[in-house]
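Q: Assemble the complex: chain L is given as a structure, and chain X must be docked to it using the hints.
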Amino acid sequence: MPSPYNLEVEYNCNECSVRAERLFCNMNEPVVRALDGVKFTSLYPKGSLLFVEGEDPRGVFILCSGRAKLTTSSTEGKTLIVKIAEPGEVLGASATILGRPYEVSAETIEPSQLNFIKRDDFLKFLNTHLEACMHTAQQLSEKYHSAQREIRSLGLSQTTAEKLARLLLDWCVNDGEATPKGMRLKVLLTHEEIAQMIGTTRETVTRLLSDFKRRKIIDVKGSTLLVTNRDDLEAMVSV
Amino acid sequence: MTVETQTETGSPVISESVIRALSRFEKAEGWPTGSILFREGEQPRGVYIIHSGEIDQLFSSRTGQAKPLLVAGPGQILGLSCVVSGKAHNCSATARTPSVTGFIDRDRFTSLLEEQPALWWSILQMLSTDINSCYDCMRTLTHMGR
Chain L
1 MPSPYNLEVE
11 YNCNECSVRA
21 ERLFCNMNEP
31 VVRALDGVKF
41 TSLYPKGSLL
51 FVEGEDPRGV
61 FILCSGRAKL
71 TTSSTEGKTL
81 IVKIAEPGEV
91 LGASATILGR
101 PYEVSAETIE
111 PSQLNFIKRD
121 DFLKFLNTHL
131 EACMHTAQQL
141 SEKYHSAQRE
151 IRSLGLSQTT
161 AEKLARLLLD
171 WCVNDGEATP
181 KGMRLKVLLT
191 HEEIAQMIGT
201 TRETVTRLLS
211 DFKRRKIIDV
221 KGSTLLVTNR
231 DDLEAMVSV
Chain X
1001 MTVETQTETG
1011 SPVISESVIR
1021 ALSRFEKAEG
1031 WPTGSILFRE
1041 GEQPRGVYII
1051 HSGEIDQLFS
1061 SRTGQAKPLL
1071 VAGPGQILGL
1081 SCVVSGKAHN
1091 CSATARTPSV
1101 TGFIDRDRFT
1111 SLLEEQPALW
1121 WSILQMLSTD
1131 INSCYDCMRT
1141 LTHMGR
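Just so you know, the sequences run in chain order L and X.
Numbered according to our numbering, the first sequence spans residues 1 to 239.
Numbered according to our numbering, the second sequence spans residues 1001 to 1146.
You may find that some hints are simply not true.
[To be verified] So the derived label-pair ranges between C-beta atoms look like this:
1. X/G1030 to L/E15: 49 to 57 Å
2. X/K1067 to L/E192: 23 to 31 Å
3. L/V173 to X/G1030: 35 to 43 Å
4. L/T206 to X/K1027: 52 to 60 Å
[Stated by the list, open to error] Quick look at which bits of chain L chain X covers, simulated, 3 or more residues with Cβ under 8 Å:
5. 69 to 81
6. 94 to 106
7. 132 to 138
8. 142 to 154
Think of the hints as simulated: they come from the structure by calculation, not from any bench.
All C-beta atoms in this analysis are idealised placements derived from N, C-alpha and C, irrespective of residue type, glycine included.
In isolation and in its complexed conformation, chain L is listed as follows:
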């Protein structure tokens, strides 16, 4: 029977075929059984808001499949995407642990499977299983390092073109598919969202992408972006 959004849904964490590859989920069977006992599995379409910046923490979401953007907003409504969360990440952990409002909002950008754990249950789970604490600490360390990389890019890039080049190079490393014509990227973000990732405007992103295309650094067809001259992108980046 087809599943909603064509997702391969896994309700039982112990039977999950990719558990061993996931930083948080790769725990011993008894701990994963305990995790199974407190989590609620849900499927979300693209564009679902999981939690909102400033909201009291209800709990954590384990992203089993799909992706989600983590954003923060200014009082004037300007939005910055601080991270695109990938499968295996635990969302909302720092707010849940500290008992403070969520620092960011989380919204799915693809149909996604998420396992939700209520705050009290998550804290009890950590309190009972040392291994879960260690894996959460590793996950938080990873998030901290990722945030530091963003800070480096935002703080040291001299121009917006450099920030965009850096972003495209990161995508090449993380999600690129090597082809004879160059590195192929499936871009699921709009120009507006790309702008929100590098702290600029939608107009600037559109102009820069056109410029990169004119200089034959990239080629764009629909949501597929082909990096045809990676060396030129590398040359733009000083960070």
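A: The following block gives chain X in isolation, referenced to the frame of chain L:
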């Protein structure tokens, strides 16, 4: 393991027992302004508990330009995420003002965690606070102060 309580302002409290547990094994070190605690790319030797002063966290570009983009102060622990993850330092740390830190060697810190699992909860709180500081920094860098 006991989940720590929090202050009324919401800031995490590290219990006296945790502070005692760490201070028994730390080596106090004084850092004059400008001295380097660790360099970007180095493997973590241990953690630095800041007792006084301010420590700049500097990020370098490929051209050698280095900017202090984060500042750590008393009560914070530098190098924690690197020790937990085993990854190299993402930035360099230099004393912005005369500072005093308590250094705990990586192996000693790891054995402390094995001996006293309650420390893990404090580590989760500190890492969570560090992540929030990064988000604040990102908001500042993109002129999005709240």
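Q: All hints are to be evaluated individually against the structure, with a verdict given for each.
A: Comparing the hints with the structure gives:
{"no.": "1", "hint": "X/G1030 to L/E15: 49 to 57 Å", "in the structure": "holds (55 Å)"}
{"no.": "2", "hint": "X/K1067 to L/E192: 23 to 31 Å", "in the structure": "holds (28 Å)"}
{"no.": "3", "hint": "L/V173 to X/G1030: 35 to 43 Å", "in the structure": "holds (41 Å)"}
{"no.": "4", "hint": "L/T206 to X/K1027: 52 to 60 Å", "in the structure": "holds (55 Å)"}
{"no.": "5", "hint": "69 to 81", "in the structure": "holds (count 6)"}
{"no.": "6", "hint": "94 to 106", "in the structure": "holds (count 8)"}
{"no.": "7", "hint": "132 to 138", "in the structure": "holds (count 5)"}
{"no.": "8", "hint": "142 to 154", "in the structure": "holds (count 11)"}
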